[in-house]
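Engineer: For the protein sequence lines, the chains are D and X, in the order given. Residues in the first sequence are numbered consecutively from 1, following UniProt numbering. Residues in the second sequence are numbered consecutively from 1, following UniProt numbering.
A hint or two may mislead.
[Said to hold, decoys possible] Heads up, simulated SDA-like pairs for lysine to any residue below, C-alpha to C-alpha not over 20 Å straight-line:
1. Lys-593(D) to Cys-69(X)
2. Lys-571(D) to Asp-561(D)
3. Lys-593(D) to Gly-18(X)
4. Lys-211(D) to Val-198(D)
These are calculated hints, taken from the structure and not from any lab test. No experiment lies behind these values; they were computed from the predicted model shown.
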Amino acid sequence: MHPTTLMYTSSLLLMFAVLLYPLLVTFTSLPLNNDWASSHAKTAVKSAFLISLAPLSLFLSTGMEAVTSSWTWMVTTTLDITLSFKFDHYSIIFIPIALYVTWSILEFATWYMHSDPLMNRFFKYLLTFLVAMLILVSANNLFQLFIGWEGVGIMSFLLIGWWHGRADANTAALQAVLYNRVGDIGLILGMAWLATNVNSWDIQQMFILSKNLDMTLPLLGLILAATGKSAQFGLHPWLPAAMEGPTPVSALLHSSTMVVAGIFLLIRMSPLMENNQTALTLCLCLGALTTMFTATCALTQNDIKKIVAFSTSSQLGLMMVTIGLNQPQLAFLHICTHAFFKAMLFLCSGSVIHSLNDEQDIRKMGGLHHLAPFTSSCLTVGSLALTGTPFLAGFFSKDAIIEALNTSHVNAWALTLTLIATSFTAIYSLRVIFFVTMGTPRFLPLSPINENNPAVINPLKRLAWGSIFGGLLVMLNINLFKTPVLTMPAELKLAALAVSILGLLTALELATLTSKQFKVTPLRTPHHFSTSLGFIPAIIHRQIPQLTLLLGQKIASQMVDQTWLEKTGPKAIANATTPLASATSNMQQGLIKTYLTLFLMTLVLVTLISAT
Amino acid sequence: MTPTHFTISSAFLLGMMGLAFHRTHLLSALLCLEAMMLALFIALSLWSLQLDATGCSTAPMLMLAFSACEASAGLALLVATARTHGTGHMQALNLLQC
Numbered sequence: 001m002h003p004t005t006l007m008y009t010s011s012l013l014l015m016f017a018v019l020l021y022p023l024l025v026t027f028t029s030l031p032l033n034n035d036w037a038s039s040h041a042k043t044a045v046k047s048a049f050l051i052s053l054a055p056l057s058l059f060l061s062t063g064m065e066a067v068t069s070s071w072t073w074m075v076t077t078t079l080d081i082t083l084s085f086k087f088d089h090y091s092i093i094f095i096p097i098a099l100y101v102t103w104s105i106l107e108f109a110t111w112y113m114h115s116d117p118l119m120n121r122f123f124k125y126l127l128t129f130l131v132a133m134l135i136l137v138s139a140n141n142l143f144q145l146f147i148g149w150e151g152v153g154i155m156s157f158l159l160i161g162w163w164h165g166r167a168d169a170n171t172a173a174l175q176a177v178l179y180n181r182v183g184d185i186g187l188i189l190g191m192a193w194l195a196t197n198v199n200s201w202d203i204q205q206m207f208i209l210s211k212n213l214d215m216t217l218p219l220l221g222l223i224l225a226a227t228g229k230s231a232q233f234g235l236h237p238w239l240p241a242a243m244e245g246p247t248p249v250s251a252l253l254h255s256s257t258m259v260v261a262g263i264f265l266l267i268r269m270s271p272l273m274e275n276n277q278t279a280l281t282l283c284l285c286l287g288a289l290t291t292m293f294t295a296t297c298a299l300t301q302n303d304i305k306k307i308v309a310f311s312t313s314s315q316l317g318l319m320m321v322t323i324g325l326n327q328p329q330l331a332f333l334h335i336c337t338h339a340f341f342k343a344m345l346f347l348c349s350g351s352v353i354h355s356l357n358d359e360q361d362i363r364k365m366g367g368l369h370h371l372a373p374f375t376s377s378c379l380t381v382g383s384l385a386l387t388g389t390p391f392l393a394g395f396f397s398k399d400a401i402i403e404a405l406n407t408s409h410v411n412a413w414a415l416t417l418t419l420i421a422t423s424f425t426a427i428y429s430l431r432v433i434f435f436v437t438m439g440t441p442r443f444l445p446l447s448p449i450n451e452n453n454p455a456v457i458n459p460l461k462r463l464a465w466g467s468i469f470g471g472l473l474v475m476l477n478i479n480l481f482k483t484p485v486l487t488m489p490a491e492l493k494l495a496a497l498a499v500s501i502l503g504l505l506t507a508l509e510l511a512t513l514t515s516k517q518f519k520v521t522p523l524r525t526p527h528h529f530s531t532s533l534g535f536i537p538a539i540i541h542r543q544i545p546q547l548t549l550l551l552g553q554k555i556a557s558q559m560v561d562q563t564w565l566e567k568t569g570p571k572a573i574a575n576a577t578t579p580l581a582s583a584t585s586n587m588q589q590g591l592i593k594t595y596l597t598l599f600l601m602t603l604v605l606v607t608l609i610s611a612t
Numbered sequence: 001m002t003p004t005h006f007t008i009s010s011a012f013l014l015g016m017m018g019l020a021f022h023r024t025h026l027l028s029a030l031l032c033l034e035a036m037m038l039a040l041f042i043a044l045s046l047w048s049l050q051l052d053a054t055g056c057s058t059a060p061m062l063m064l065a066f067s068a069c070e071a072s073a074g075l076a077l078l079v080a081t082a083r084t085h086g087t088g089h090m091q092a093l094n095l096l097q098c
C-alpha cells in the first residue's frame with residue numbers, strides 16, 4: 001500500500017479507536033470516576049483532533065486522495081457491499097474541523113451540564129453521535145452512509161429529548177424523528193433506484209455508470225433526503241423545535257454537524273447532479289425559499305436559541321442554493337466556516353443563558369457588554385462572521401457564493417430572495433446583539449454572571465480564533481475545482497456587502513424605534529406571520545392528526561360500530577320488529593266482551609243460515 | 001241441517017252467549033265455559049254414531065280429560081283473582097283496558 005494511503009487509513013482507524021474507547025469503558029460494569037466526562041471523553045476528542053491533523057497536512061502538501069475498501073460485508077449476484085472509506089478533499093478537511101468544534105463543545109459542556117446527575121450519559125451520547133457523523137462523512141458507499149445517517153438521526157432524537165420530563169422536549173424529539181423519517185424515504189428511494197439501475201452503491205461506480213441514464217428520480221429522492229435532514233422548506237419545523245435540547249446539543253448537532261449531513265450528501269453526489277437541470281433548479285429554488293422564509297421567521301423571535309436556529313436554517317438554505325448553482329465546493333466551504341461561527345454563537349448563548357439563571361428571552365437581557373465582556377465580544381465576532389464581514393471566516397464562503405449567484409445564469413426570483421435573506425441576516429444579528437449586549441440590563445440583579453471558568457473561556461477562545469481565521473486558512477490551502485468568475489460590474493461585486501450594510505442600518509433604525517411610537521395602531525399582520533413561523537407548525541401539526549383521527553372515527557366508530565353492527569345487523573331486527581309489536585298491542589284494547597259478542601253473532605248467523 | 005246438529009250447535013251457542021254476556025261474576029263465565037265443553041262432549045260422542053266412523057271413538061274421553069284440566073286451570077285463576085283482587089267480579093280484571 002502506498003505510504004500516504006497507509007497514513008490516511010491508519011489515522012482514521014486510530015481516530016475511531018480513540019473515540020470508541022471511552023464508550024466501550026462504559027459498557028463494563030466498573031463505575032465511572034467522577035470526571036470521566038472531562039478526563040476520558042473530552043480528551044479522546046482532543047486526541048482524535050490532533051490525530052486528524054496528520055492526514056490533513058499530508059493532503060494539503062500532496063493533494064492525494066484515497067479510497068480504501070476493506071471487509072466484504074455482503075456479496076450477492078448483483079450487489080456487493082464492502083466496508084469502504086473515502087479520503088477525499090471533502091472528508092479530509094471536514095473531519096478535523098468537526099473534531100475541533102466538538103472538542104470545544106465538549107469542554108464547554110463540562111461546565112454547562114456539571115449539575116446534571118446524568119452528565120456521563122450525556123457525553124456518551126455526544127460521543128456516539130460523533131462516531132456516527134464520522135462514519136457518514138468518510139463513507140464511500142451509500143450503505144455505510146445510511147448507517148451514519150440513521151445513527152445521527154437517532155442520537156439527535158435522544159439528545160433533543162434529554163430533559164424528557166418536559167413535554168415540549170418529547171414533542172420536539174418526536175418531530176425531529178418524524179421529519180427526518182420523511183427525508184429517509186427519499187434516501188431509500190435513491191438507494192433503491194441506484195441499486196437496481198446502476199448495480200452498485202459505491203460512489204465511483206455510480207458516477208461512471210450513470211453518465212447516460214436519466215437520473216431525475218434518484219436525484220429527487222436525494223433532494224428529499226437533504227430536505228428532511230437539513231431542514232429545507234417543507235420539512236423545516238423540527239429545527240427550531242430542536243432547541244428544546246441542551247445548548248451543547250444545539251451547538252453540535254443542530255448547527256455544525258448533523259444538519260449539514262443532507263447538504264454533504266448532495267455534495268458527494270454532485271457529479272450525478274451536474275447535468276440534470278431539473279434537480280439543480282429544484283435545489284436552487286428550494287434553497288432560496290428556505291433561506292428567505294427562515295430569515296423572515298428569525299426577525300421577530302424572542303428566544304435567543306430560536307434566533308440562532310433560524311439563522312442556521314437560513315444558512316442551510318444558502319448552501320442548498322449553492323448546490324443549485326452547481327458549485328458544490330463553495331457549499332462545502334460554507335459548511336466548514338459556518339461550523340465555527342455557528343457553534344460559537346450557540347456557546348455564547350449557552351454562557352449567557354446560564355449566567356442569567358436560565359433566562360432565554362432576549363427581552364430580559366441587556367447590558368451584558370459591561371457585565372460579560374468576553375462572551376459579548378465573542379457573540380459580536382460570531383455575528384459579524386455570520387453576516388459576511390470582509391475577511392472574517394464567513395466572508396470567504398458567503399461572498400464567493402453571492403458572487404457566483406450574481407454572475408451565473410440563474411433564476412431571478414431565487415437571486416432576489418437570497419439577497420433579501422442576506423440583508424435579513426444582518427437585521428436579526430443586530431437585533432440579537434442590541435438586545436443582549438447593548439443598553440441597560442433588564443434582568444434581576446442577583447444573576448450568577450460568571451466568565452471565570454476556563455471551561456467556558458477556552459472553547460469560546462478557540463472558536464473565536466476559528467471564526468476569524470478559519471475562512472482564510474481554508475481558502476489559502478485548497479485548490480478550487482471550478483474557476484470562479486472574477487470580473488464583474490462593481491455593483492454585483494459589492495452586492496452582498498451593500499445589502500448587509502443596508503440591513504444593518506435598517507435594523508439600527510428599527511431597534512431604536514422600540515422606545516418611540518409613530519403610529520397609533522401598529523401594523524401587526526406581518527409580525528404575526530413572522531412570529532408564528534408562517535403558521536406552518538400551527539396548521540400542519542394539528543391538521544394532519546385531526547384528519548387522521550376523523551378518518552379513524554368514521555371507519556371504526558361510525559361505519560363499523562354504528563352502521564354495520566347496529567343499524568343493519570343484529571339490532572336491525574329488533575329495531576324493525578318493536579314498532580310492529582307495539583302498534584299491534586296498541587290496537588288490541590282488551591275489550592273482551594265486545595270481541596266475544598262479535599264472534600257469537602257470527603256463529604249465530606252461520607247456524608241460522610245453514611239451518612234453513 | 002239435521003235436528004241433532006241444530007240442537008248441539010244451539011246448546012254450544014247458548015253457552016257461548018252466557019260466556020260473552022255475563023257481567024259480574026267470573027264464576028258464571030267459567031260455568032258457561034263448562035256448558036260449552038259439555039255440548040262439545042255430546043257432539044263428539046254422537047259423531048261416531050251418526051257418521052258410522054269407529055276411529056274417533058276415543059275422542060270424547062280425550063275431550064273430557066282436557067276439559068277437566070281447563071276447568072281446574074280456570075278455577076285456579078278464579079281463586080288467584082279472589083286472593084289478589086279481593087273479589088271474584090269481572091270488573092276487577094281491567095288491566096288491559098284503555
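Engineer: Any hints this thing doesn't respect? Which numbers, in order?
Structural biologist: Violated: hint 1 alone.
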